[in-house]
Structure formats: structure tokens, C-alpha cells
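The hints should help you fit chain B with the ligand onto chain A, whose structure is shown.
Now for the letters of each chain:
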Amino acid sequence: MSENVAIIGIGHSKFGTRKDVNLPELAWEAIKPALDSANVEQKDIDFYVVGNAGMWSSEAAVPSLMAEYADLAPKGSMRVEAACASGNAAIRVGYTAIKSGGADIVLVLGIEKMQESPNPTIIELIGRFGSYFWEFENFGLTFPGYYAMYGTAYMAKYGATEEDYAKVAVKNHYYGAKNPYAQFRKEIDIDTVLKSPYIAWPFKLFDCSPITDGAAAVILASEEFAKDVEDKIWILSQGVGTGTANLSRRDDFTTLPSASYAAEQAYKKAGIDLDAPWKYLDGANVHDCFTAPEIIAYEDCRFCKRGEGVELIREEQTYIGGRIPVNIDGGLKAKGHPIGATGVSQAVEAYKQLLSQAEKGRQADIKNGRWLTHNVGGTGHFTYVTIYGLEKR
Amino acid sequence: MDELRKAIEKNMEEFGFPVTIDERLGTLQWVDMRELRLRYVICIENIMPFFEGMREGKLITTKCKKCGRLFFPPQKDCPSCRDSEMEWVELKKEGVLETLTVIFVRPPSFADYDPYTVAIAKLDDGVKITAWLKGDPQKVKVGQRVKVEISRRKEGYLMYELVPVE
Ligand SMILES: [Zn+2]
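Chains as they are written, first to last, in our numbering: chain A, 2 to 394; chain B, 1455 to 1620.
Chain A on its own, in the form it takes in the complex (with noise of 0.2 Å):
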């Protein structure tokens, strides 16, 4: 039993366009770096998880690969499937195995190889992840289209506009252009998002992630072994929520309830204050498939009241300086959104940004001692919402 788990080593891959490595080749980028930062060797690893949705990528068992590729051979291990929520699940998977006492050491990984397929097959196969039957073999719902529902209900509800929505996607990409592991290293102003073409009414090539392969890991550690560990975070709470298939199932299409529970869950948890939580934090990684999803997130992990996440944007409170840092790695907008390594490359930048070890022109000031990350898989099927601190509970 542990009743803290650490964060002791982390690495991270560059996202993008990665055809110049195959998986277990683009694995090892991240896994090499996080055992040398943990100074952990393969024998010291009890379990290891794989975040990986997979279905565009040939190799199915990713775990196997790895035992083989990495001499991880024969430590158990599982593959762990939550749609774009996959990366922080296998964090889940990981941090219970360690406070529970069934491993001291857990290596998380996260990996996607989306563009060992077209295009077109990506887009077919990411517009399944909604109700097979209710919303994709029947109306063609792709995975932008699930969101925009959501940002066309925003505009109408708090009168957002396509312009507000450019505001994430020029912040996003001011902090990517920043972070040497980013797809996208190219600032942009709001004409270019709005003169891109559309993708799903209302959003736009601009406002969307783009498809990307990459790999992140961390490793996870006990209390005891990670108590003479110089450079380490500690995970102070999780919050995990599960939304409908359907989206016809749900209330209203402001707010994705998984999230609005889940980030309760995490703040409840790690005793922090509902009313005003951001207040705790030095800054967030919130998951921004979308431009609009970015400000739907504000309000669910309540950084604002309801409808107040567009004049966060509009205010830049969510740059650094402002109110609460968003997304400044560049988000999966700008950084890229491997679907698996997605939730593993957040508690990455969640390790880099507390210990000060940020790039240049995207370190946030660490006051609280406190980051949190939100991740979600599918349209708001699953949110994993984890805060991490410099100091243990």
C-alpha cells in the first residue's frame, strides 16, 4: 500500500508527422528518456500500461511489442482503451496498482501511430467513436460535427462567436510555436484561422487537432521508493467520469457532464475549494480537440461560472499572467493529439511546468505548487481529470 504515488521520470517523443520511425522505434523515444530521468533500468518495473486506441495503426499488441522491443519481458501489463481519454486511464491504471500496494514501479506509456492510415480512413474510423448505430451509420457524424454541436449550442446559449473560437486556436499556437516537441511551431492570427475551410459548421480547419503520431511516458513510484527521488510531482487526486453513448442522452450541450464530475471528483479529493479552485493552481492542461471544447472546459473544471469561459478567452486570462494558464504547451491543438500518448504528454508538461523545467517563453509562475490536467475520450464519453503538486498530501 502507498498512499502517495510520484511522478519520477518523464519523456516525451515529437508529435507530428513520424514516418520516419515505426511504433515500437517511436515508443522508446518517450520510454528511454523517462527510465534515464527516473534512473530506473527495465528489472526495477513491477507493471506497465499502454494507453493506445489504436485501429489505424498495424500493431495491435502494443505491450508485447514493447516486452520485446524494450526488454520489458516478462512484467505483466495491459493495453488501456478510452478513446483520447486512453493516455490518462493508463495513468489510472497505474496509480491503483501502486496505492494499492500491487507494484512500487509503473512505466505508463502512450502511443498512437494515427497516420500509418489515409485520412479518409481516420475520419471514418474517429466518426465511429459516438453511438455506432444512433449517430454514425445513420447520419454520418464525424468527430469534429459531435463537437460543433456542442460549440453551436455555446453561441446560441452565451453569444460566442467563430471569432471567440479563434482566440483558443491563436493562444494554442503562441505556446506551441514554443514547445520544441510540438506539431505546429507557427504562431497564427485569428484571419487565419477564419479564412480556413470549413470542416463541421462551425468550426474550421484551424479550429480543429490535427491527426498525429507520438509518444509520451512516465513513471509512477511509491512513496517509499520515490522519497530520496530529487525531481518529482506527486499525484494528489483523480476524478473520473463516464458520460452517455449518445449525445441526444444528454441535458444540454454547454457542459460535458463527465467532466463537471470528474473535475469535482479531483478537487473534493485533493481538498480543494469548489467555489474558486483555480486559485489553488499555477496552471491546466485542458483538452482542447476543438477550439470551443477548450472553453467548455473552463467552466467545467470551473475556472469561471457557466458562460463565462468565452470572456476568459476574450481577456487572455487563460495566457500566462492571466487568471489561469491554459494549454501552454500548445494544447492538442497546436502540440498534437495522439490519441493514446494525449493523457501521458499532459502529466508530462503537468512535471515539466511544477519543477520549472519549461521551455523558454512557457513557464508559468509555480506559486500553488499545483497543475491540473483534463482529459477526454470520445465526446465526452470519459474524462479523466488528475491534479498534480510539488508536495504530497
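Simulated from the structure, these hints should not be mistaken for lab results.
Treat the hints with care, since some could be wrong.
What the hints assert, rightly or not - DSBU-like mimics (lysine-lysine), calculated; alpha carbons at most 30 Å apart, straight line:
#, chain 1, residue 1, chain 2, residue 2
1, A, 20, B, 1595
2, A, 158, B, 1546
3, A, 158, B, 1593
4, A, 158, B, 1576
5, B, 1547, A, 196
6, A, 158, B, 1547
7, A, 306, B, 1576
8, A, 100, A, 306
9, B, 1547, A, 306
10, B, 1593, A, 196
Frame of chain A, contents of chain B with the ligand only:
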């Protein structure tokens, strides 16, 4: 993909392998020779009346006999009372438009369609429904009245759609 196929056939002949050079990175790629085709067979036996209803132009769904809970999409079991005694009731085919999107970039399996509008409406009976919305999406507004119509689609099968009420 046709170009890719031609390229790998040529490369197989010349170099002996189904390979190609990635245009952007200049790196060598093996092009999979095994193509997977998927078509699911999904059981609708227990919601058959829903499809029979559509044949008569009706939208019918399940309602729990015990607690009165109304379900759409229809389902066989009521989780509220853990009972499976359902009755089939007809829904009023009118309601209010709650949200919409226009799908411009379409999945390959919908390539035969022009950009289409997908909307969610709340029917007057209280349940919500996701469907295509007929007509010009620029002429509709969230909050306006819509009705449900059942018609035959391009592929040849019957399906419900939303239609704006003038
Ligand atoms: Zn009942």
C-alpha cells in the same frame, strides 16, 4: 490511393518490394498488402417495432410499464426498475431545435452525399433525437420548431429526418 497502388506495383517490379517514399519526409514506407473490409451485423430483434413503425410513417419508442420512463433510442430494459416490461408508444413528431452542425469533411462511407446538416431536437414528449436536418442550414435557428419526417434515403432504406416548421 490509386496512385499509391500504381507506385507500389512499379516498385515491386523494380525493387522487389511494395514500398514507397513518403512525399514529405523522404522516408521509406512498406505499403500493407492486406486490406481489411469491415461490415457489422447488428441485432435489432428487440426493437423491431421501431422499424415497423417507420414503415407506417410513425416514430415509436419504448416506455416502461412500471415507472413510465420514456426511452429514445428505444431500449429493451428499464434500468430504473430493472424490469423489461415495456410498451411501445408513438411520439409526437414535433419539437424544438437544440443544436446543429454542417458536416463538410465527410467520412468516405458518406462520400456520395453533399455536405449534410446533423441536428438534435427535443421532441414535445421530452426525449431528444439526433437526425439529418432538411433544407438550408443558414435559414434555421436554435430554438425554432422542427418536425420529424420519415423518408427513403439515397441508399434505399427508410430513416427519420428533421424538417424546419415554417
Ligand atoms: Zn421503469
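Do the hints match the structure? See the list:
1. 20(A) with 1595(B): 44 Å, violated
2. 158(A) with 1546(B): Cα-Cα ~26 Å, so holds.
3. 158(A) with 1593(B): 18 Å, holds
4. 158(A) with 1576(B): Holds, because 16 Å separates the two Cα atoms, which is no more than 30 Å.
5. 1547(B) with 196(A): Violated, because 39 Å separates the two Cα atoms, which is more than 30 Å.
6. 158(A) with 1547(B): 25 Å, holds
7. 306(A) with 1576(B): 26 Å, holds
8. 100(A) with 306(A): Not OK: residue 100(A) and residue 306(A) at ~34 Å, beyond 30 Å, violated.
9. 1547(B) with 306(A): With a Cα-Cα distance of about 36 Å, the restraint between residue 1547(B) and residue 306(A) is violated, given a limit of 30 Å.
10. 1593(B) with 196(A): 22 Å, holds
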